Amino acid sequence: MVINMGNIQAENEEIQKNMREVARNLLNDKKVDMIIGYAQGTVPLSSSPIFIRNVEEVDNLIWDNLCYVNLARYVVPPLTEFVDNEKVNLKVGIVSRGCVARSLIHLAKEKQVNTENIKIIGIPCNGVVNRRRIEKELGEKEVLELSVSNDKVIVKGKDFEKELPYQDYLNELCKTCKVKSPPMSSSLSDVIVGDSLEVTSVEDDFADLVNFESQAPDEKWKVIKELLSDCTRCYACRQACPMCYCNLCFVDQNKPIWFGKTSDISDIIVFHLVRAMHMAGRCVGCGSCSSVCPMGIDLKIINRKLEKIVKERFDFTAGLDLEVMPPMMTQKMDDSEDFMLGEH
Amino acid sequence: MVSNKMKERILEKDQIKQFHEDLARYYNFYAPTKVKGNFVFKKITNPDDIDLNYLNSKTPPKEILFPRMETLFTYKMDGKEIEIEPRTDLEEKNIIFGIRPCDAYSFNLLENFFNFGEFKDDIFLKKKENTIIMGLGCNSPRSTCFCTSLDYNGHPHRKDDVDIFLTDLGEKYLVNPISDKGKAIIDKLAWLSEANEKEVQKAVELSDEAESQISTELDLENTADILDPNFNHPLWGEVSENCIGCGTCTFLCPTCTCFDVVDEVDQYNDKGKRVRLWDTCQFCQYSLETSGHNPRNSKIERCRNRVLHKFSYYPKNYNMIGCVGCGRCIQLCPVNNDLREIIKKINLIKNKSKKEEVTVA
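First to last, the protein sequences are chains A and B.
Last residue of the first sequence: 344 (this note's numbering), numbering continuous.
Last residue of the second sequence: 1361 (this note's numbering), numbering continuous.
With the rest of the complex left out, here is chain A (with noise of 0.2 Å):
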């Protein structure tokens, strides 16, 4: 998909009327009970998840560059009470860019998702702005208006105006993105409805790690140390990720307690590697962990790294081909195991 950067704006309001159509037709024709998508903000550079289960409240959709959140994160427990209170099967229609959809190809081999009750309402995604960036740089100041116009990010305040480099405000993790698009494989015809992208696999040369990388371990160490710093541990990282569906996560198991509860820097560097641990091979890279942490935490060396590790060591790249299973639920024979200790 080539990103015609000319006019941001104009592909927007084009993606949001595609996107309404579409919504609209699935409604329509009862092909889904509700649609889950986002509706405009009601504080700047925000948007809100919303859940649409009527044709006439379609218009309330939007699409613009801050629908940061992973929308395949309402389609897993614990936040399918809905799903559960109303009907079992409800069939839900989902706005994916390419790494929602991509997380929804993932969590359906993990058999937590049934590509029989979703419709993945494909978007052609321009990249997601960096809220949390925006926001530190400007401290003192309050935006109160964000645009996107040909190449820069408009923000307003009361009396400031400033332009900044689209490129550059975008998240972390878009700047590397190489799925735009939700990626379609025969398996997922059905699945895919609007915009999608023919892919098998994504070549990658992780340059952005290069820095990170050569560093000493006590360097990276202290880059990681710094990096998490001040998370207070309200786990919105963790709730807002779709690949985090467990009843009980480990960090809140208290019969015994395995991992620390406590905000010394031990513990919240355990948690967030801990938590690492379990993305191998699973992250999509959707960035949503780090747009909605309210202190500004970017995790994406993290999430980069695993991406990193999995791809060149098993070549898998999380939620392409449904067909595809990951590393971390293949069992083959001539696994190497030199990791294990003793003779081999």
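Hints in this document: simulated from the structure, not taken from any laboratory.
Here the structure is a predicted model, which means the values were calculated and not measured.
Quick reminder that beta carbons are idealized off the backbone N, C-alpha and C, glycines included.
Certain hints may be false.
Stated by the list, open to error - Keeping only pairs whose Cα atoms sit at most 20 Å apart, straight-line, the calculated SDA-like set for lysine to any residue is:
no., chain 1, residue 1, chain 2, residue 2
1, A, K156, B, S1215
2, B, K1345, A, A39
3, A, K255, B, R1274
4, A, K158, B, G1170
5, A, K141, B, E1209
6, A, K255, B, Y1286
7, A, K261, B, C1281
8, A, K156, B, C1281
9, B, K1036, A, I301
As the list claims (entries may be wrong) - The calculated label-pair distances, taken between Cβ atoms and stated as ranges, are:
no., chain 1, residue 1, chain 2, residue 2, range
10, A, V202, B, K1271, 47 to 55 Å
11, B, D1078, A, F314, 51 to 59 Å
12, A, I309, B, L1072, 49 to 57 Å
Dock chain B against chain A, hints included.
Chain B alone, transformed into the frame defined by chain A:
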């Protein structure tokens, strides 16, 4: 109590260093500072770190007196003998400099909680007693601020909850001693010059202008009464639908007081500490009982609890609303679940039931 009105003083912005130096000798001096792009309150050792050019801090200053993690006491074990080492820092004197009026008022709410009934929280109360609060008026409230809608006569320049009140006049601050504690401090800082009439007048103008900038007006007068009979209203399903169940709204709320207590045991060295950590009713385990039953099993109940606690239980128990109108939960909610919108929806229930009454009559 007859207390002489003390004249306002002037603190030039380049005198902050001196101000800090004079006071940090005797007090732990907390002030807003920018850490990795976020404004937070920290103990200031280098006055250059103080940054008062802020709207409000990201984490509420409640964390100075009620931190995210607090060691209640440490202990040593020798067989069955346990020796408790009490806290030694509670007698230390603190200054909270540059706090916003809404957050200054939040300490009253916190004190209400920690001082309620039979069980007093000595740690919090002692710290509060030893703390001088120096407020800073908001000249430029955020779009999400709604202090003026609240029951405490909230105002961007409210002075009632501070010992000393500062107004940013541009190049300098007008320093207004409010309490006796505050006056005593100003007395000692003899180098502060007296303010003239013009400067005092300018502060009044700024105060009025700030008030006019607050754009959110909420009707909270009858909210508690509406909430009571509407515990099972379908509204709660509606407003909780997009909640992802994180702790942002409550952790960063200046009035939320819930905590969990855990023992951090160091078995290898026969010692340990008991710590309290922020907890929140938004976490699924918060109300889980030992039996396995959870009275707030779904996010509908958890979201409802936050609103009821602030706008129904607080008014009933303490005769005050448990919200200061700082707008942090609105600004920072990951899914933009806007408290103002929730309140407006609650008020619509009222209007509806009133209408129905009219029709019936």
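Results of checking the hints against the structure:
| no. | hint | result |
| --- | --- | --- |
| 1 | K156(A) - S1215(B) | holds, 17 Å |
| 2 | K1345(B) - A39(A) | holds, 17 Å |
| 3 | K255(A) - R1274(B) | holds, 18 Å |
| 4 | K158(A) - G1170(B) | holds, 17 Å |
| 5 | K141(A) - E1209(B) | holds, 18 Å |
| 6 | K255(A) - Y1286(B) | holds, 15 Å |
| 7 | K261(A) - C1281(B) | holds, 16 Å |
| 8 | K156(A) - C1281(B) | violated, 36 Å |
| 9 | K1036(B) - I301(A) | holds, 17 Å |
| 10 | V202(A) - K1271(B): 47 to 55 Å | holds, 51 Å |
| 11 | D1078(B) - F314(A): 51 to 59 Å | holds, 53 Å |
| 12 | I309(A) - L1072(B): 49 to 57 Å | violated, 41 Å |
Going down the numbered hints, you'll see the structure goes against 8, 12, while the others check out.
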